[in-house]
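In UniProt numbering, the protein residues as written are 1 to 381.
No lab work stands behind these hints: they were computed from the structure. Quick caveat, the model's predicted, so the values are computed rather than measured. Check before you lean on any hint, since a few could be wrong.
Stated by the list, open to error - Heads up, simulated SDA-like pairs for lysine to any residue below, C-alpha to C-alpha not over 25 Å straight-line:
1) K70 x V121
2) K70 x T136
3) K70 x G128
4) K70 x A164
5) K70 x S59
6) K70 x F99
7) K70 x R329
8) K70 x S46
9) K70 x L53
10) K70 x A52
11) K70 x T47
12) K70 x A123
13) K70 x P89
14) K70 x A49
15) K70 x A48
16) K70 x A189
17) K70 x V58
18) K70 x T81
19) K70 x A133
20) K70 x A197
21) K70 x V201
22) K70 x Y88
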Amino acid sequence: MAIHLAGLFLFAGVILVALPLPKDVQAAQPSTASILNAPEAAPPLSTAALSALLAVNVSSAFFPTDLTVKCDGPLRGTHHTVRCIGGYPVGGYVLEPPFPPDRAMLFLHGLSDVPTLHLTVLATLLGGDDAAAWQTARVLLPLAPVLPRLFRAPDAALRLPAGAVHAWFDISHTLPYQAVGALAGTTPAAVAASLVATGVVGDRLGLAASTRRLCAMALVQAAGDLGGGLPPVPVHRTVLVGHSLGAAMAWHAAVAARTPWAGVLALAGYLPLTPYYARFPEAAGRGGGGYTLTSVAADGDTVVAPALSAAAALVGGGVLGGGGRVAHRVLEGSDHASFLMGDHNTPAVVRLMLDAMGGAGGARAGVRALLGLRGGRDVCE
């Protein structure tokens, strides 16, 4: 269910189970000796900590990389410069284009003990055949909060990191339940129904905190307050993209808040709190409106089942209602992360990113953003 890969191939759990549990589920649960209650997440990393992370050699036999990166240095193979922006809300890396940015992509990584590997992923995406199209596009790579220890001794077959991990919300108790029927069914509707039937609920506080942080990041960028003299980019020209657990976070941000993104792209993810939103759709913020949320699954994904992503599109589309349009597509011949690493589907994924930044939302979203900021309406809730 997860990837370790020195931390790149991410994790996607289902949802935290609430009591009471069905008897068959109780009997099927693994020993809790391998799972810990997650401690409080640490605040976003400082600029010094971000710089120190870049100095660590994260190359491994499984994921060899000789990408050398430092703050204010180039991201090799691209036109972008790596800026280290510490503290709230960014707490991560900003890839600044060679020309003044007129659009931006906020990229959310999945569960990872080495999130800096995603700079290698972004170098692949920004340095391909469409490199010229990125020359006015900023990319933000915030690092998820550090949870000191989610898993004490996870199953070796799952390759889950046992130490500190970066995670947008607590998934430490979701792991046992995917194997005991949460994915029952062969159609998106059946899978969604089985999720709803579990009656589970996830880390609502962690999801809410990260959702507000992402929205704050977009607003700070729009106001030109990222730091380091970086110019502003409007919210409605910023696309939210997530992979694996980051895609789950992007889904929740779209459903729970009114942030008027240019678009949202959920790659190999799922919708957290599916039972909650299916039963209480009025609890959702119903999105900022005007943009398309595109759900993408890979038919060879063994980390996040394609049916789970399809179920997210079904339930999420219903929850969003008139607040946004949901599209779903399946990439043939890709696995959980290969479409981000240069396989035959990578150009199509890059095009989805560029298209989302280029137009979705348009003038209507811009007007809504101004109304939200000037009229007192909190677009982060």
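Quick rundown of the hints versus the structure:
1. Distance restraint check for K70 and V121: the Cα-Cα separation of roughly 16 Å lies within the 25 Å cut-off, and the hinted pair is therefore satisfied.
2. With a C-alpha separation of about 21 Å, the suggested pair K70 and T136 falls inside the 25 Å cut-off, and the hint holds.
3. A distance of roughly 21 Å separates the Cα atoms of K70 and G128; the hinted pair therefore holds under the 25 Å criterion.
4. At most 25 Å may separate the alpha-carbon atoms for a hinted pair to count; K70 and A164 meet this at roughly 23 Å.
5. Of the supplied pair hints, the one linking K70 and S59 holds, its CA atoms being roughly 16 Å apart against a limit of 25 Å.
6. The straight-line distance between the Cα atoms of K70 and F99 is roughly 20 Å, inside the 25 Å bound, and the hint therefore holds.
7. Note on K70 and R329: the hinted pairing is violated, with a Cα-Cα distance of about 36 Å set against a maximum of 25 Å.
8. Taking the CA atoms of K70 and S46, the gap is about 15 Å. The hint holds against a cut of 25 Å.
9. With a CA separation close to 9 Å, the supplied pair K70 and L53 stays within the 25 Å bound.
10. A distance of roughly 9 Å separates the Cα atoms of K70 and A52; the hinted pair therefore holds under the 25 Å criterion.
11. The hinted pair formed by K70 and T47 meets the criterion: a straight-line CA distance of about 12 Å does not exceed 25 Å.
12. Restraint check for K70 and A123: satisfied, since their Cα atoms lie roughly 14 Å apart, inside the 25 Å limit.
13. Of the pairs offered as hints, the one joining K70 and P89 holds, with about 21 Å between alpha carbons and a cut-off of 25 Å not exceeded.
14. Straight-line distance between C-alpha atoms of K70 and A49 comes to about 12 Å, which keeps the hinted pair within the 25 Å bound.
15. A threshold of 25 Å between alpha carbons decides the hint, and for K70 with A48 the separation of about 11 Å falls inside it, so the pair holds.
16. Our distance criterion of 25 Å between C-alpha atoms is broken by K70 and A189, whose separation comes to about 47 Å.
17. With a CA separation close to 14 Å, the supplied pair K70 and V58 stays within the 25 Å bound.
18. Distance check on the hinted pair: K70 and T81 sit about 9 Å apart at the alpha-carbon level, within 25 Å; holds.
19. A hinted pair counts as satisfied when its Cα atoms are at most 25 Å apart, and K70 with A133 qualifies at roughly 24 Å.
20. Our distance criterion of 25 Å between C-alpha atoms is broken by K70 and A197, whose separation comes to about 48 Å.
21. Restraint check for K70 and V201: not satisfied, since their Cα atoms lie roughly 40 Å apart, outside the 25 Å limit.
22. Taking the CA atoms of K70 and Y88, the gap is about 21 Å. The hint holds against a cut of 25 Å.
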